[in-house]
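Student: The lines below spell out each chain.
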Amino acid sequence: MNRRMVFYVTGQIVLLEAILMALPAVVALIYGENCFWSILATIAVAVLLGLGLTLLRRPKNQTIYAKEGFVIVALSWVLLAAVGALPFWFSREIPCYVDGFFEMASGFTTTGASILTDVESMSRGLLFWRSFTHWIGGMGVLVLMMALLPSGSGRSIHMMRAEVPGPIVGKLVPRIRDTAKILYLIYLVMTLIEVACLLLADMPLFDSLIHAFGTAGTGGFGIKATSLGGYNTACQWIITVFMLLFGVNFNLYYLLLIRSFRPVFTSRELWVYVAVAAVATALITGNILSMYDGFGEALRHAAFQVSSILTTTGYATTDFDLWPTFSKTILLLLMFIGGCAGSTAGGLKVSRLLLLGKTVTRDLRRLVHPRSVGTIKLEGKRVEDPVVRSAGAYLVLYFALFAATFLVISLDAFDMETNLSAVAACINNVGPGFALVGPAASYAAFSPLSKLVLSFAMLLGRLELYPLLIAFLPRTWMKD
Amino acid sequence: MNIIVVGGGKIGTTTIASLVAEGHDVTAIDHNSEVLTELTNVYDVIGVMGNGADCETLEEAGVDKAELVVAVTDSDEVNMLCCFMARQMGAAHTIARIRNPEYNDRSLSTMKQHTGLSMAINPERLAAEELYRILRLPSAVKIETFSRRKFEMIEIILKEDSPFVGVPLSELRSQFKAKFLICVVQRGESVFIPDGAFVLQGGDKVGLTASPAEIQKLLRGMGMVNKHARNVMILGGSRTAYYLAKRLASGGNNVKIIEKKLPLCDELCDLLPKATIIHGDGTDQELLLEEGLKDMDAFVSLTDMDEQNILLSFFASAHQVSKVISKVSRDELGALAQRLGLECIVSPRKIIANVLVRYARALENASGSNVETLYKLMDDGAEALEFNVKDDPRLVRIPLRTLQLKPQVLIAGILRNREAIIPSGEDVILPGDKVVVIAAAQHLQDLADILK
Chain A
1 MNRRMVFYVT
11 GQIVLLEAIL
21 MALPAVVALI
31 YGENCFWSIL
41 ATIAVAVLLG
51 LGLTLLRRPK
61 NQTIYAKEGF
71 VIVALSWVLL
81 AAVGALPFWF
91 SREIPCYVDG
101 FFEMASGFTT
111 TGASILTDVE
121 SMSRGLLFWR
131 SFTHWIGGMG
141 VLVLMMALLP
151 SGSGRSIHMM
161 RAEVPGPIVG
171 KLVPRIRDTA
181 KILYLIYLVM
191 TLIEVACLLL
201 ADMPLFDSLI
211 HAFGTAGTGG
221 FGIKATSLGG
231 YNTACQWIIT
241 VFMLLFGVNF
251 NLYYLLLIRS
261 FRPVFTSREL
271 WVYVAVAAVA
281 TALITGNILS
291 MYDGFGEALR
301 HAAFQVSSIL
311 TTTGYATTDF
321 DLWPTFSKTI
331 LLLLMFIGGC
341 AGSTAGGLKV
351 SRLLLLGKTV
361 TRDLRRLVHP
371 RSVGTIKLEG
381 KRVEDPVVRS
391 AGAYLVLYFA
401 LFAATFLVIS
411 LDAFDMETNL
421 SAVAACINNV
431 GPGFALVGPA
441 ASYAAFSPLS
451 KLVLSFAMLL
461 GRLELYPLLI
471 AFLPRTWMKD
Chain B
1 MNIIVVGGGK
11 IGTTTIASLV
21 AEGHDVTAID
31 HNSEVLTELT
41 NVYDVIGVMG
51 NGADCETLEE
61 AGVDKAELVV
71 AVTDSDEVNM
81 LCCFMARQMG
91 AAHTIARIRN
101 PEYNDRSLST
111 MKQHTGLSMA
121 INPERLAAEE
131 LYRILRLPSA
141 VKIETFSRRK
151 FEMIEIILKE
161 DSPFVGVPLS
171 ELRSQFKAKF
181 LICVVQRGES
191 VFIPDGAFVL
201 QGGDKVGLTA
211 SPAEIQKLLR
221 GMGMVNKHAR
231 NVMILGGSRT
241 AYYLAKRLAS
251 GGNNVKIIEK
261 KLPLCDELCD
271 LLPKATIIHG
281 DGTDQELLLE
291 EGLKDMDAFV
301 SLTDMDEQNI
311 LLSFFASAHQ
321 VSKVISKVSR
331 DELGALAQRL
341 GLECIVSPRK
351 IIANVLVRYA
361 RALENASGSN
371 VETLYKLMDD
381 GAEALEFNVK
391 DDPRLVRIPL
401 RTLQLKPQVL
411 IAGILRNREA
421 IIPSGEDVIL
431 PGDKVVVIAA
441 AQHLQDLADI
451 LK
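From first to last, the protein sequence lines are chains A and B. So the first sequence is residues 1 to 480, counted in the numbering used here. So the second sequence is residues 1 to 452, counted in the numbering used here.
One or more hints might be untrue.
To be verified - Think about it this way: if two alpha-carbon atoms lie no more than 16 Å apart in a straight line, the pair counts; the simulated EDC-like pairs of lysine to aspartate or glutamate are:
{"hint": "1", "chain 1": "A", "residue 1": "Lys381", "chain 2": "B", "residue 2": "Glu214"}
{"hint": "2", "chain 1": "A", "residue 1": "Lys67", "chain 2": "B", "residue 2": "Glu214"}
{"hint": "3", "chain 1": "B", "residue 1": "Lys260", "chain 2": "B", "residue 2": "Glu286"}
{"hint": "4", "chain 1": "A", "residue 1": "Lys381", "chain 2": "B", "residue 2": "Asp54"}
{"hint": "5", "chain 1": "B", "residue 1": "Lys179", "chain 2": "B", "residue 2": "Glu214"}
Source of the hints: derived by calculation from the structure; they are not laboratory data. None of these values were measured; they are calculated from a predicted model.
Hey, can you work out the whole structure from these sequences and the hints?
Tutor: This is how it looks when you write it as structure tokens:
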């Protein structure tokens, strides 16, 4: 493996993080908060670390093969969270470093699970940084780097493939740098539109930015103990719509931009996604109708919670842990579905489930008609057998890791519902679960071991399992 | 520029590699998903799976916005159809690889007319032309011609005892009483554009420009063997061999082709009455010796197997054949063979890629002083470009001495009224001239790019 190149790119990522941290530093300066110095110290650490990794070992051979791509992505994300946690630790706003790492892993992976018991007492600069990591992590930091720096070779597609979620990752335009630029531009513009909408609905600027970041990355960090419960209904509806929008495959937005409408309206994944959201909202509305006064309010809460959980954002307008079991079960199932491939959402992804569903149908037909030949099509295109097989393997691996995490977590003596929903919420990058980790509670009660394991579950979920596993296999690092 | 390349075979891959290196936005079409995966993994291109002649595939590849469509699948017919469709659907220019000799005569002009094909490329014929040029001047490694052979650039490898060695370039011209210019030198891995104080060493690969007559004079002066290769042995009866043998035979040379397959031998016999066709296994060294390998002026190895070509070329070199040329398609093998001592290697893929790169560059600056000819020199370390000069006040009627040129750029020749001028500091460029420029380590798009 080309270790030098791995360290070099990882160093670049850490430098990029240092640059991005300038933004929360400015915020802290505006509000005149002490956390400015902790952020500044972190920037210094990040710059030193980044320079150390990039300058000392400038690689001659800049080729990135698939293996290097996976390892770069995994290492970068772990380092991002590790460095990102420093200002919380330096400023003593989160006294324990493991808690800070959990918070940042949750931030970058756009999970939104928090160990903070009193979020309203945090400084604004750090709150901004916490939510800003959602925005960075949503589209991916390596993609950002590719958009900013000229790419060395075409092989950097391996990094993009490792970072962008979905069973098939393609480019929008021939050049990877242009693809990354287009993705980030769409992302930025949509975020700005959301900020403008929220401002129009009378949300303060700081809150609008925080919630726009949280929605765009489908993260879910808020700044109020009640999440979005305290804001007016207009804000809640705006966020409902934008959460759903950010859960859609970004390629479709690009197609809309270049005025090619047909593939967008015939996209199976999009329609299944919309249908799932609509059906779940309808069922929950009916189920919780008696708890709220009027159909309108029930619908608003149902729609908000459904789009929040389906897109794995994790905002809440009400404590859905108090809902009837039927509604909670629907929400738990939605966690696993997640958004569309190529969006900022987590979960298994609608397209992967569609693919698996079609495989099952084909195999059932084969049992009845053993000689029947079936090809699997997605969006009108034949899906090659390796992709189909890898979707199946992904599912197996997913549940194996799910089970392992669940087992370790159960060492903390909490009830099954808490543990199960905590693991589901972390590995699918949702954030809040049920019972002790419900929307009104936090992950603070878990032991440090559980927090670390859950942090890795979040990273596994965001990077779609493989990069992290490959990076931690000793064989990857041996000479071959 | 948006370019679509249809077909991801050997030529397609090389084409894609060089077009991407030129900075174009390339879309690759192939019907094989594995080929596409490999292409998109290695090069910064987007892949579209499907038949390149199918209108839906072309639409998906964005043919209406493509400035150039290059069809290089292994089927002539698909290439033609693909270019026809692409042209109908809005592609600005189309280039098809058409290799079958039957399509390359009258039918080609009809086709160009009716399908709007911009250019047909025939890799075998282009390779044969390059081989022929080298055989005309066997002491050179490579010969590139500009402006219909009014001006040539030859690459030679200097021996330790060459009279060029150890003399500063500024004194060479007077010493040899010939008008020539040494414009590029490759030493080891590095490529230089030398100035007057540069001193050549043995083992250097040198590119020099002059008119053909001056080149003859110069080579005589240097005492280098310099007669046409009269007796040529060609191994393998491929299409390249056919084109080459035809050119050689029509020039009155003795050509001997050795081919393993009998039907192919019969066919070649029909097509090339003047050539001697031998049916036999060319890898059989006894056969080669029996057929008079030792008396040959040149040995050209053109079988489909790169490895075979390389090995047999070494065999021929060992038997004192003065000129040995081998066809090697894979770049890495070519470089290896060169390091092992084979001087003269011809790669059809590279030739095609150069033609396409040149075409794309000419398209990009149709308004300015556009590229007429482009050659990659010294393992792609430098380029020789021929420009048509337009009336550009920054360039014309200014003595070359006062032009502020970029480093590593050299004006190697000016062609005015069919006459080649080896420029000195007093010469000026006039509108309507053709100018040959040598540049190392940069991509020139327009003649004005040579200025700082």
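Student: Output the numbers, in ascending order, of every earlier hint that fails for this structure.
Tutor: 1 and 2
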